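Please put together the full structure from these sequences, using the hints given.
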Amino acid sequence: MKSRYIQQIITLTIMGLMFSQKSTAQEKAKRDSASIVIDYNNEVGAMNPIWAWFGHDEPNYTYMKDGKILLSELALLSPAPVHLRVHNLLTTGDGTAALKWGSTNAYTEDANGHPIYNWRIIDSIFDVYVKLGIKPYAQIGFMPEALSTHPKPYRHNWQPGKSNELFTGWTYPPKDYHKWEELVYQWVKHSVERYGQKEVESWYWEVWNEPNIGYWSGTRDEFFKLYDYAAHGVKRALPSAKVGGPEVAGGGSPGGVNFLNAFIQHCIHGTNYATGQIGSPLDVISFHAKGQPKLVDGHVRMNMAPQLQDIESGFKIVASYPETKYIPIVIGESDPEGCAACGMATSPENAYRNGTLYSSYTAASFAREYLLADSLQINLMGAVSWSFEFENQPWFYGYRDLATNGVDKPVLNIFRMLGLMGPIRLGVTGSQMTNLQSMVNSSASGVKSDIGALATKSAASVIVMVWNYHDDDIPSVPQPISIVVNNLPVKTVQLTEYRIDDRYSNSYQVWKNMGSPQHPSAKQISKLEKSGLLQQKGVITKVMVHGGKAEMNISLKRQGVSLLKLAW
920 MKSRYIQQII TLTIMGLMFS QKSTAQEKAK RDSASIVIDY NNEVGAMNPI WAWFGHDEPN
980 YTYMKDGKIL LSELALLSPA PVHLRVHNLL TTGDGTAALK WGSTNAYTED ANGHPIYNWR
1040 IIDSIFDVYV KLGIKPYAQI GFMPEALSTH PKPYRHNWQP GKSNELFTGW TYPPKDYHKW
1100 EELVYQWVKH SVERYGQKEV ESWYWEVWNE PNIGYWSGTR DEFFKLYDYA AHGVKRALPS
1160 AKVGGPEVAG GGSPGGVNFL NAFIQHCIHG TNYATGQIGS PLDVISFHAK GQPKLVDGHV
1220 RMNMAPQLQD IESGFKIVAS YPETKYIPIV IGESDPEGCA ACGMATSPEN AYRNGTLYSS
1280 YTAASFAREY LLADSLQINL MGAVSWSFEF ENQPWFYGYR DLATNGVDKP VLNIFRMLGL
1340 MGPIRLGVTG SQMTNLQSMV NSSASGVKSD IGALATKSAA SVIVMVWNYH DDDIPSVPQP
1400 ISIVVNNLPV KTVQLTEYRI DDRYSNSYQV WKNMGSPQHP SAKQISKLEK SGLLQQKGVI
1460 TKVMVHGGKA EMNISLKRQG VSLLKLAW
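In the working numbering, the protein residues as written are 920 to 1487.
Since no wrong hints were added, every one of them can be taken at face value.
Pairwise CB distance ranges (calculated):
1) Asn967 - Asp1095: 32 to 42 angstroms
2) Lys1050 - Leu1452: 17 to 27 angstroms
3) Asn1432 - Ser1350: 30 to 40 angstroms
4) Asn1472 - Ile1393: 22 to 32 angstroms
Just so you know, these hints were derived from the structure itself, not from any lab.
Since we're looking at a predicted model, the values are computed, not measured.
In this text, a Cβ means the ideal position worked out from N, Cα and C, and glycines have one as well.
As structure tokens, this is what we get:
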């Protein structure tokens, strides 16, 4: 009896300690509650759909099973057209897709060196886009084997995590720039004939990819020559077409800064290699921006600062020239890091890609891109998320993609949220929202999370996307957040909440709960597909508006994202 009594005392003591610790955690969370304040009358700019731009290396995935499914979903994200940018549209080959590889065989030559144009594979790619209402951000590259000055070896056999050659014969300048121009001319001319002038006028064409690193094996001046001839070919086929570049890697790196400045100066003041006149067409300016995650003490630590620094630097360069200050800018690749085809098995820091860390990072980074564009008063048209899908690969392998085997990942639901937002952005004040310059300098690496919001309005709604983001992917207790909207013109609103966290809109968590099957059953796949969609939390509720003020209270775990729709 005495032993049983002592055991009961110990059990009660342990339970008391556990309850005390839980209460302490809850009290701490309450003390740390964050507030977000929005003013319905404080309009700060248009909610341009800069997020509705995507890209990937492997163009042949476009017309494959899961590729077509994902493109159909992207096309439905919002009323705004989605733009697609892909590599390898002019690369020589049989159309077989592989990691960081694709081909269309658009250009070959006969035994006498005469051009042979074959648009079959390119048409099969662009036909899918046009049918879905997707706009090509058409990349003019890479160099066909028959035109390359250094054609052998041509196709690489790159594999992630291995030291092997990536930049082979497709990276070299053309042996004949007039043939290069004629290829571009014939492509644009064919596009107009197939899709109509009005359709092609709604596209953007851009020349090459990251010519300041290994993607271009020529000199800088040779790239300017490549650009001039390509742009001249575009305009010769369709004078109203829009063309630009140069898609430099690292808009804030010394090499990227030098290259981007030199390119803009060439387009403004340089002698055009194709025409002999001063200047070259420049309808869109593009550069790339990447973050730097790493593995720290067994968990992923993101770093948004390098990405934002690249963006800020690129914006400042464009704004520094009166001739380019208002030209549309596309961040041609804007991502948490650089290698989409490197899974977490070979790059463990890429484990962020399957779960909600990728979602919260995306929400928080796009909000800062809007703020950077506002602060420098530039014309930001698009920010390409270099993420699509990888056909016939292991489930949740950790590639930087939007879906795996036809199942949407949590990050895709951020874009669904963005697609629900209104046309006008509203100012946001947050007690725990990291200010713009701190994010640019050091990301969200402090003691507290970055709890912020992006808010929009329409004539009959306010929509607020709220996130709890931190660079360190460490679990936390849910944090209380109060959201106040002032100066609403109505007495009541209907509140709908959508959520991305460990319980909602999270196919990865559901897959792990299944035991992480690599051969899920049809019933499991059906459940995964449903869990990959954007899910509503709870029921629609009525919120009273007192003196123009509506207040809502939610709680979010670290890396969670909530979309609050107030409609009337």
